[in-house]
Amino acid sequence: MITSMTFIIALYIFVLAGFTGYIVISRVPSILHTPLMSGSNFIHGIVVVGALSVLFSATSVTEQVIGFFGVLLGAGNVMGGYVVTDRMLAMFRPSVKPAATSDEKKAQS
Amino acid sequence: MITSMTFIIALYIFVLAGFTGYIVISRVPSILHTPLMSGSNFIHGIVVVGALSVLFSATSVTEQVIGFFGVLLGAGNVMGGYVVTDRMLAMFRPSVKPAATSDEKKAQS
Amino acid sequence: MSAIEYIVGLSGLVASALFIYGLKDMSSPTTAVRGIVAAGWGMVCVVAVCFLEIFNVPEEARPYLPVNIALAVLALLFGGLWAGRKGRTVEMTAMPQMVALFNAMGGGAAAAVAAVAFLKHESSAPLPLGVTALGGLIGCMSFSGSIIAWAKLDGRMNKPLRFGGQQAFNAFVFAGTLLLAGLTVCSQLDPAPVSGPYATLFFIGALAFGICMTVPIGGADMPVVISLYNAFTGLAVGLDGYVMSNPALMVAGMIVGSAGTLLTVLMAKAMNRSLSNVLFSNFGATSEQAKGPEGEMKSVGPDDAATSMRYASSVIIIPGYGLAVAQAQQKLYEFVKQLQAAGVDVKFAIHPVAGRMPGHMNVLLAEAGVPYDMIYDMEDINDSFASTDVALIIGANDVVNPSARTDKTSPIYGMPILNADQARQVFVIKRGQGTGYSGVQNPLFFLKNTAMVYGDAQAVLSKMVETLKGLGSN
Amino acid sequence: MSAIEYIVGLSGLVASALFIYGLKDMSSPTTAVRGIVAAGWGMVCVVAVCFLEIFNVPEEARPYLPVNIALAVLALLFGGLWAGRKGRTVEMTAMPQMVALFNAMGGGAAAAVAAVAFLKHESSAPLPLGVTALGGLIGCMSFSGSIIAWAKLDGRMNKPLRFGGQQAFNAFVFAGTLLLAGLTVCSQLDPAPVSGPYATLFFIGALAFGICMTVPIGGADMPVVISLYNAFTGLAVGLDGYVMSNPALMVAGMIVGSAGTLLTVLMAKAMNRSLSNVLFSNFGATSEQAKGPEGEMKSVGPDDAATSMRYASSVIIIPGYGLAVAQAQQKLYEFVKQLQAAGVDVKFAIHPVAGRMPGHMNVLLAEAGVPYDMIYDMEDINDSFASTDVALIIGANDVVNPSARTDKTSPIYGMPILNADQARQVFVIKRGQGTGYSGVQNPLFFLKNTAMVYGDAQAVLSKMVETLKGLGSN
Ligand SMILES: NC(=O)c1ccc[n+]([C@@H]2O[C@H](COP(=O)([O-])OP(=O)(O)OC[C@H]3O[C@@H](n4cnc5c(N)ncnc54)[C@H](OP(=O)(O)O)[C@@H]3O)[C@@H](O)[C@H]2O)c1
Ligand SMILES: NC(=O)c1ccc[n+]([C@@H]2O[C@H](COP(=O)([O-])OP(=O)(O)OC[C@H]3O[C@@H](n4cnc5c(N)ncnc54)[C@H](OP(=O)(O)O)[C@@H]3O)[C@@H](O)[C@H]2O)c1
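Residue numbers (the working numbering), protein chains in the order written: chain D, 212 to 320; chain R, 212 to 320; chain E, 2 to 475; chain Z, 2 to 475.
Think of the hints as simulated: they come from the structure by calculation, not from any bench.
Cβ coordinates follow ideal geometry from the N, Cα and C atoms, glycine included.
Be a bit skeptical, because a hint or two may be false.
As the list claims (entries may be wrong) - Not everything, but these chain D residues come out facing chain R in the computed CB check (under 8 angstroms):
1. ILE224
2. PHE230
3. TYR233
What the hints assert, rightly or not - Derived DEER-like restraints, expressed as beta-carbon distance ranges:
4. Z:GLN167 to R:VAL276: 49 to 55 angstroms
5. Z:PRO372 to R:THR273: 50 to 56 angstroms
6. Z:LEU82 to E:ASP191: 56 to 62 angstroms
Could you put together the complete structure from these sequences and hints?
Here is the structure:
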């Protein structure tokens, strides 16, 4: 899609993204580890975009079959990952409204 | 140097680097703000590398003069930034050895 | 660069930013929902814009385009609807296997993308070819490995499959797969390659290796393994992104790759084991016949236990894996609300590795409606046990095993535990003499201030609720 | 891509990673030194490898190469040695102006790089040209603005320069500069441009705007302004990196750009003001004649104050800007050690904006050798004042002003303050009736439990140390 990416630039992007993932996760409290696992599972569902590109420019039945399954699986990854993460996260709620601020503090620290 | 970088890729790098700077700094305790300011001041001294590239391929006296001042200023930025940051940071020390672990905890939280 | 390429590139950038922002927001329960919604919009944006590529396909793909589009829409609909329904209806206790399944799908898609890159012979330079092979390898491993993990967690494959020389056999499979990868890459260096057989065998080998690697690992270790495969899929997607020059895939994939790796390491650490120990040590094979402390366990009925809690002033509840098995979280909260109504101060204490996934218990309790400010982390509550009347342990075992503190020969030695033994009175709800995940006996059950309440957690808690109802509000 | 380009690119990647790692380590006092050392090695690596470019210069630059290399070495030596000596010898209290100066140098270098990009006419596409112009503009503003900031902080420019219609004039200068930037870019779109005059005027305009923007801002606001210019320089370096296709510059520059922006906002927020208020409101112009509470201030001599602290059981010390002015941090710690030897429990309470830079007081106390675990943040200590015998305020004013809590008309209303007024006895060391940074009077000084100890902080503390010596260890 975006042509002419040198290897060095790719390494820069990998390193920056890797560091970002590391530092963001190192802040998540253990209470949220399960939804986080499925949340990151959802994010790698972006592979469906790659599979769509492949399928759009397929020029043989083999490519079409592989592309079809790629999109099928990728779409499942995206949808499933989103739904379960959302369901889990929606279940976390504080007990009463007035205590909300202190909870926020606790959760952020 | 590394040719053929598209604008989109450049934006990716900017966004990732910007986010990294943001999230890293948002964790620094206020006690370290002054050394941090000079520490980040040191880091943008990397401009000296750009100035060096410019000076190396200068082909006129004007370019040489501008390049010379660029390197001069950049080198000052790097050296000065490093020395003052290092001096300031070296001054922070805990009171006694045995308490070191609890200090570490305190500082990390 | 055409306008379409620009828009597609920008949509990827927006999506990447939203993913990062979303993950960051997930770091607090108050913002977590906002985070996943933001990430969801990022995904919608990038998938929708991706359809613009229809106007940009290479000349030779034009004739196939209508069929391809139809196939794409079909695949999106089927995959999305099926997974969406599955995800909406799955029990919270079955979450680990569900995540394993969705992760397998992502790995499979990543492998498919790599396969087509070989098929189309998109490059004949060694570097991109090598990256493609790596992406395919990791994607396949993640696919087949996650499916095995799913089968184990879903109870479809109950015994770890182990045989003599397994490590050597696995190493052999791996070496063979690498060899096939090398042959595929070499054949693709040719401008007009005939690499079909090599590539096919390579992918089969990679799938086989994923299976071989996963079958000997015990079912209870699966959450760590899934987390690892989650990181693997991310990495494979990132590498695919490089091959396709799509930075959005690179960024999203690598974020998950590094985040997942960190999560895996944190999980293994919380279980007091190293990652290689989880993957290669066949944990649990020998611990079946572990001998434990001998002595007498006292047992009491649910009604007595419930009554004494009703008149206690403070109770700390320690849920464990058994609560998830019995699906008793709703009943538990009903019981807790009764205690609260009677003026008892009730708290939940959650060990970081209680259950079978990190945060597993938090999710279950959240499902039952327990507000998260009643739930305390180990560090925050461990000092309070000594001043607490009753510790109620429900289906937990290893996380309250004092031999982790004292017995150097125990497989869980060194793991930090909840200090339930310091409470004035300890009640333990479990079905019988069964050991926990680590297979060792628990000296806590033999202490003189401990009383066992035998039975399935659901049944026992129902009885307790009945008892308290009987007592009324006096 | 040649081998040299590969090595240069990789060195930049290594440097970027080390910069990020270094910044991360600076987030804790225990690892901070390691962090700056790591970043330093990154810089050494990237600068050293950069010399490989000598073998890669374009054909037409070959004849100039020996001279260019000589100039480069000279410039590195001179710039590095001069700044290194300055940095090693500067007083800690003069740190803000030193940072301003080094920041100006970075901005100047960034502007120079942009200027040569125009001169060499490296591109004739609008996008890179626009980016070059933006980099030049920001670099120039940061250069001239930081120099003004330095002059103000160094006491070389004591009054803010203000005149009627200044905002309009500045806007006019800015518009003119933008126009010149546009003309420069347009002329460069031509394959054989004659843009010299435009470009020269544009750079002069940008420098002038940096001056115009900074002169009306009061000296005490300068730390915020420097922090902003620090972010500006980072941004300019990042843009230069795009123009030169050097990702290391892009990454390092943008990291500083965003980190510096965040730091600036945090600083302004801690002073209870918005950033635009700092930049455009000419703060301090009207507050000179602010009327304050009337009443009587009690004053005591240093010996009496010292004696009563010697026999107190707990003392909290609140240092402020006056301590930095008097350079009395060493004497203060000497005094504190005497108190500690006498069994007094001594703590330091630091307000986030005490002094003239964030963390200013921490640096001063650290210089004097005060261990950082004796130093408490506002939130951690504010509840302890009520149970403390003596609060000793040294050259602080605004940060202990109770009208921030009560007086809605005060310019500092709403700023969180240290609750010194809750201590049983308050001593205030200051020279006279001078107001602090915000120019308002402080009702704390009129309370009945407050006693003023007039005099320069250095002189007063010396006398206090003498007094305690006289008392001996009895
Ligand atoms: N959280 C994670 O990430 C993770 C991942 C992998 C492994 N692990 C490991 O899993 C263990 C977790 O400890 P844990 O204390 O939560 O659980 P556990 O040690 O596995 O103990 C579970 C206990 O629940 C009882 N139980 C089972 N079904 C029950 C039912 N229906 N009703 C009542 N009780 C029932 C069992 O005894 P009976 O058979 O007698 O009823 C068993 O002793 C740790 O060793 C940890 O390292 C954790
Ligand atoms: N930290 C930052 O980032 C930052 C940046 C910019 C602005 N500010 C602002 O600066 C202020 C800081 O408050 P602050 O309480 O530290 O200081 P302050 O309010 O500025 O007060 C300083 C006091 O020190 C006294 N003083 C001056 N020289 C002295 C000497 N040689 N010996 C003894 N006393 C001396 C002065 O009174 P006499 O003249 O009577 O001696 C003055 O009242 C806040 O308003 C803050 O918003 C902070």
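Do the hints match the structure? See the list:
Here the hint on D:ILE224 is kept, as its CB sits about 6 angstroms from the closest CB of chain R, short of 8 angstroms. Given the 8 angstroms rule on beta carbons, the hint for D:PHE230 holds: about 6 angstroms separates it from the nearest Cβ of chain R. Checking D:TYR233 against chain R: minimum C-beta separation of about 10 angstroms lies over 8 angstroms; hint violated. Separation of Z:GLN167 from R:VAL276 is about 34 angstroms and departs from the stated range, judged on CB atoms against 49 to 55 angstroms.
About 54 angstroms separates the C-beta atoms of Z:PRO372 and R:THR273, a value consistent with the hinted range of 50 to 56 angstroms. A hinted range of 56 to 62 angstroms for the beta carbons of Z:LEU82 and E:ASP191 is consistent with their spacing of about 58 angstroms.
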